[in-house]
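Asker: Residues per chain are reported as follows:
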Amino acid sequence: MNTNSNYSFKKILVPIDGSKYSEKALQRACEIVNAFDSKIILLYVVEKSLPINLLDRKEYLKILRKFGNKTLEKANNVLLKKGITAKTFLKEGNIVAEIEKVVKKEKCDLIIVGNKGLGSITRFLLGSVSNKLAQSSSCSLLIIK
Amino acid sequence: MTIKTKKILVPIDGSKNSIRGLDMAIHIARQSHGTITAMAVKSVPGIYAIHPLGFLDFSSMTEVKKFLNEAKVRAAKKGIQLTAKALVGDPGYDIARFVNNKKNKIDLVVIGARGRSSAKEIFLGSVSNYVLHKSKKPVLIVK
Numbered sequence: 004m005n006t007n008s009n010y011s012f013k014k015i016l017v018p019i020d021g022s023k024y025s026e027k028a029l030q031r032a033c034e035i036v037n038a039f040d041s042k043i044i045l046l047y048v049v050e051k052s053l054p055i056n057l058l059d060r061k062e063y064l065k066i067l068r069k070f071g072n073k074t075l076e077k078a079n080n081v082l083l084k085k086g087i088t089a090k091t092f093l094k095e096g097n098i099v100a101e102i103e104k105v106v107k108k109e110k111c112d113l114i115i116v117g118n119k120g121l122g123s124i125t126r127f128l129l130g131s132v133s134n135k136l137a138q139s140s141s142c143s144l145l146i147i148k
Numbered sequence: 202m203t204i205k206t207k208k209i210l211v212p213i214d215g216s217k218n219s220i221r222g223l224d225m226a227i228h229i230a231r232q233s234h235g236t237i238t239a240m241a242v243k244s245v246p247g248i249y250a251i252h253p254l255g256f257l258d259f260s261s262m263t264e265v266k267k268f269l270n271e272a273k274v275r276a277a278k279k280g281i282q283l284t285a286k287a288l289v290g291d292p293g294y295d296i297a298r299f300v301n302n303k304k305n306k307i308d309l310v311v312i313g314a315r316g317r318s319s320a321k322e323i324f325l326g327s328v329s330n331y332v333l334h335k336s337k338k339p340v341l342i343v344k
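Protein chains in written order, with my numbering: chain A, 4 to 148; chain B, 202 to 344.
So that you can see chain B by itself, here it is in the shape it has in the complex (with noise of 0.2 Å):
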């Protein structure tokens, strides 16, 4: 049967909770034969687009490629197409506006209830709920 799920985004940020969105988006996208985005943001505060040193810190950068590429190795394993996308801003504007852009077509997005803990703060609950409120997608949040 048809669902119109084709593309999902899915947001991820190393967490066991995105880990399951993924399983879950996964899961999804075999029943409809459809394509997954995974997205990781990493979340550089506002000031830090007008303080130079502040580009400087691509350190992490490389930790967000990493799960990135672990996302990718259990897509592939279960045989479904995983486009990864990382971006460097704040993580629930960037996905919401990547949401409503018509271009990218995404028809549901699968994110991960919480995040990362709250010291570590790049993915908080509260990116879940900024998306939840600003997407004009259907939803789906992962407990």
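Same shape as in the complex, but just chain A (with noise of 0.2 Å):
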């Protein structure tokens, strides 16, 4: 929670997916950091869903994981490109709970995310997970359109 005097953000949380969307958010996050000085954190949860499970597991994660360190270094460099050093992360489980679980653990002031993420058939980071993160996150949240 933000208290009166405390409006700084210090840190940021931009959790990413590749889509178009995200790249977005972290072009504004980018200009934000630029603006207030603050730390940036990536994040990228594979997602551990039931009908993965019943499917060939180990593989797709494998491949989730293997796209997602891909996206991270992506990002990272697009940062890297403008002076800015980021923490990066590579989570697995539940999508929301995961990125609250960072939030809390890394003390995040603001979280900036996509309107939403990749199409249906990759089933990541839907508008469903920036809709759930303005209903329960407990930080504020800056939602690109």
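Just so you know, the hints here were simulated from the structure itself, not pulled from any lab data.
The beta-carbon is built from N, C-alpha and C at its ideal position, and this holds for glycine as well.
Be aware that one or more of the hints could be misleading.
[Stated by the list, open to error] Here are some of the chain B residues that sit facing chain A, going by a computed Cβ distance under 7 Å:
(1) Q232
(2) K337
(3) K338
(4) P339
(5) V340
(6) K344
With the hints as a guide, dock the two chains, each given alone in a separate frame, to form the complex.
Answerer: Below you can see the structure in the form of structure tokens.
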């Protein structure tokens, strides 16, 4: 929770999924970092949901992890070009729950997410995730359209 | 450094949460040298559009004006220009329409997560939710 005196965004969490929207969110995060001199934390969550459990799980998770690392690297490169260093995390589990956990652990002041995520086929960071975050997260949320 | 948020819309309803949203907006406006538009919507049930007596109830318009003035003073203290706007209608719908109107050139909406208690029912979390879904511009939710 922000108190009245504390409106500077010290730590900003940017959950990414490799979609266009999350790139946009990252761009916006850069602007804010420049203005407020804050730290960025990048997060990619490998989703572990029921349908994946039933199919060949190991293979699928492996691919997702690889993809996650790749997107994190890409995002990191974008930030490095602008002279920003960021912490990166790769987590596994329920997306919203993991994001919340990181927020608590790292004491973030702001989450920046895209409006929507990847398409329903890839099933990761949907608009639903932004929506759930808006309702349940304990810190401020900036939704980029 | 430049942030492209020149015009910030802050819907306020006089609740603590909306004031917090306003403070946040002031903070951002200072960084980006932007201006703030504060907007207060007095909720009127749709039925009053037909019922002539509905229009007689302007008593709480003074209340709306009061906290808009408070907001003005608050922003002026920090040296931010604030334009106030008071409307009568459905809060969620009117805010979203205002945001999406290209003429207004809103770059960011800063909104409190929750407004007044449901007993007073002017601005619920539902309004934040509605604006969040309908607006085509970035939305910052202040908790």
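Asker: Would you mind marking each hint as holding or not holding in the structure?
Answerer: Results for each hint:
no.	hint	result
1	Q232	holds, 5 Å
2	K337	holds, 5 Å
3	K338	holds, 6 Å
4	P339	holds, 5 Å
5	V340	holds, 5 Å
6	K344	holds, 5 Å
When each numbered hint is compared with the structure, no violation occurs for any of them.
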